[in-house]
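Heads up: the sequence lines are chains F and B, in that order. Residue 3 is where the first sequence starts when you use my numbering, and the numbers rise one by one after that. Residue 3 is where the second sequence starts when you use my numbering, and the numbers rise one by one after that.
Because the hints were derived from the structure by calculation, they are not lab data.
It does not matter which identical chain is meant; a pair holds if it fits inside one copy or across any two.
Each computed DSS-like pair below joins lysine-lysine, with the alpha-carbon atoms no more than 25 Å apart: (1) 68 / 111; (2) 121 / 85; (3) 126 / 68; (4) 121 / 109; (5) 65 / 85; (6) 65 / 117; (7) 85 / 111; (8) 117 / 68; (9) 109 / 68; (10) 65 / 109; (11) 125 / 65; (12) 46 / 85; (13) 126 / 65; (14) 117 / 85.
Chain by chain, the residues run as shown.
There are 2 protein chains.
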Amino acid sequence: MATESANSNGAVKAKLVLQQCLSARLQVQPATEYEEAKYVEIGKGIIIYVCFMNGATEGIVEKMVKCALNTCLSPSEDPSATKRVSVLDLPGDVLIIPQATLGGTPKGKQMQYHKNIAKDDGKKLYSYFVSLCEASLHMSEKAREQGKHVCAGTYGNLQVFRTDTNGPFTHLLEF
Amino acid sequence: MATESANSNGAVKAKLVLQQCLSARLQVQPATEYEEAKYVEIGKGIIIYVCFMNGATEGIVEKMVKCALNTCLSPSEDPSATKRVSVLDLPGDVLIIPQATLGGTPKGKQMQYHKNIAKDDGKKLYSYFVSLCEASLHMSEKAREQGKHVCAGTYGNLQVFRTDTNGPFTHLLEF
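Extracted from the complex, chain F is given alone in its bound form:
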């Protein structure tokens, strides 16, 4: 198992699925007896689904964030431009969703998740991923000036979710 973007020893350590959106809303806390459910919301930008596999490291997280935020995946705001731009150049919002199911491999009719990272390790890497995305948006003059922001789902929660897009443009990146 190896891809061009995978590490030298060949195993995929992490996966990202990225989708453009016009808006997206994610539940970050379910409703309780006392409180309504809590949501985070973004406008135009990208949704990043994140999955860490065995062997993922902080170094890999740094590469993932750089690639996700700098690769030209989003249609430009300028209708005369045919080239895509990065979410930092758009600039757009970022919604990060932990998505352990991306690490599954089919065996018979079931999915198996042997290769997924242990939950505690995944949680740490996920927090690092989110904080690096926040720092990158903050360091981008364009994104900061236009008030673009990062929202993130809670690791291990059910991801109740809604999105609206003018073309999902789903991209897959493996590390």
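Once you have looked at the hints, place chain B on chain F.
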């Protein structure tokens, strides 16, 4: 480049990204001067993003459909059941969206699509994929009795799209 689920010569020939949804709506024809835009809509079920790469064949399409519709990816309707069920057993609707961007590999800041199948070949395989999904739902007594249906995006069109989910459960299958 190879995965457990890839063919014997190692190259990935096709990719599917699958997401559960409560409902989804896809534009299949943009608005014109004379007509409003046309949409297809599904209820609870799965969204299947499809991408064919060089070397994809009708035989691979048959495997893809079997795997997508029979693998247990969807949370069961029965709250006491912890196991997932296939979309045929749920039973649920199916929305198929062509998604050439899934075949991209990053090179510097750009995505490259050298490995994607030629458009005409992709169009034929996509039609075959859609017709096999329709036939499978029709042959499933449960799906047929409960009026479950297949909707499909138009190959090569912009996929204007909205979805609502209680947990996207994004799965990746490579062939």
